[in-house]
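Undergrad: Construct the complete structure from the given sequences, taking the supplied hints into account.
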Amino acid sequence: MTKKLYEDFVTGSIDETTYQQLLNEYQSEQRSLNEKLSEIKKSDNEIKDISEGIKKIKAIIKENSKESKLN
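Oh and the sequence shown: position 64 is 67 in my numbering, straight run, nothing missing.
If you are wondering where the hints come from, they were derived from the structure by calculation, not from laboratory data.
Any given hint could be a false lead.
Stated by the list, open to error - The following label-pair restraints were derived from C-beta to C-beta distances:
1) Ala62 - Leu25: 53 to 63 angstroms
2) Ser31 - Asn67: 50 to 60 angstroms
3) Ile50 - Tyr9: 34 to 44 angstroms
4) Lys65 - Glu32: 47 to 57 angstroms
5) Asp11 - Lys59: 54 to 64 angstroms
6) Lys58 - Leu36: 31 to 41 angstroms
7) Lys7 - Arg34: 54 to 64 angstroms
8) Gln24 - Ala62: 56 to 66 angstroms
9) Thr14 - Gly56: 50 to 60 angstroms
10) Glu66 - Lys6: 57 to 67 angstroms
11) Asn27 - Ile53: 38 to 48 angstroms
12) Glu10 - Ser31: 16 to 26 angstroms
13) Ser31 - Asp11: 16 to 26 angstroms
Note that the Cβ used here is the ideal one computed from N, Cα and C, for glycine as well.
TA: Rendered as C-alpha cells:
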C-alpha cells in the first residue's frame, strides 16, 4: 500500500500534503492493528493457560475419583 502511495506521489498523481496525510493515516492504522493483534495474542495465550489448568484439574479429579472407588 505504501509503495503504491509513494508511486502516486512520485508520478505527481497526488501532492505532497495528500501523500503525507495518507501515509500518516496508513501508519496510524497499522499501529492500531498491531496493538490489536498483540492483545489477541495475549488473550489467546491466557486462554491456553486456562485450558491447561482445566485439563490438570480434570486429571486430578479423575485420579481422585478412581481412588475413592477403590476405598
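Undergrad: If a hint holds in the structure, say so; if it does not, say that too.
TA: Going through the hints against the structure:
1. Ala62 - Leu25: 53 to 63 angstroms: holds (55 angstroms)
2. Ser31 - Asn67: 50 to 60 angstroms: For Ser31 and Asn67 the Cβ distance comes to about 54 angstroms; the hint holds.
3. Ile50 - Tyr9: 34 to 44 angstroms: For Tyr9 against Ile50, whose Cβ atoms are near 40 angstroms apart, the range 34 to 44 angstroms holds.
4. Lys65 - Glu32: 47 to 57 angstroms: Since Lys65 and Glu32 have Cβ atoms about 49 angstroms apart, the given range 47 to 57 angstroms holds.
5. Asp11 - Lys59: 54 to 64 angstroms: holds (56 angstroms)
6. Lys58 - Leu36: 31 to 41 angstroms: holds (33 angstroms)
7. Lys7 - Arg34: 54 to 64 angstroms: Violated: the Cβ-Cβ distance is about 20 angstroms, outside 54 to 64 angstroms.
8. Gln24 - Ala62: 56 to 66 angstroms: Given about 57 angstroms between the Cβ atoms, the range holds.
9. Thr14 - Gly56: 50 to 60 angstroms: For Thr14 and Gly56 the Cβ distance comes to about 57 angstroms; the hint holds.
10. Glu66 - Lys6: 57 to 67 angstroms: Cβ of Glu66 to Cβ of Lys6: about 59 angstroms, so the range 57 to 67 angstroms holds.
11. Asn27 - Ile53: 38 to 48 angstroms: holds (39 angstroms)
12. Glu10 - Ser31: 16 to 26 angstroms: With a Cβ separation near 21 angstroms, Glu10 and Ser31 satisfy 16 to 26 angstroms, so the hint holds.
13. Ser31 - Asp11: 16 to 26 angstroms: holds (19 angstroms)
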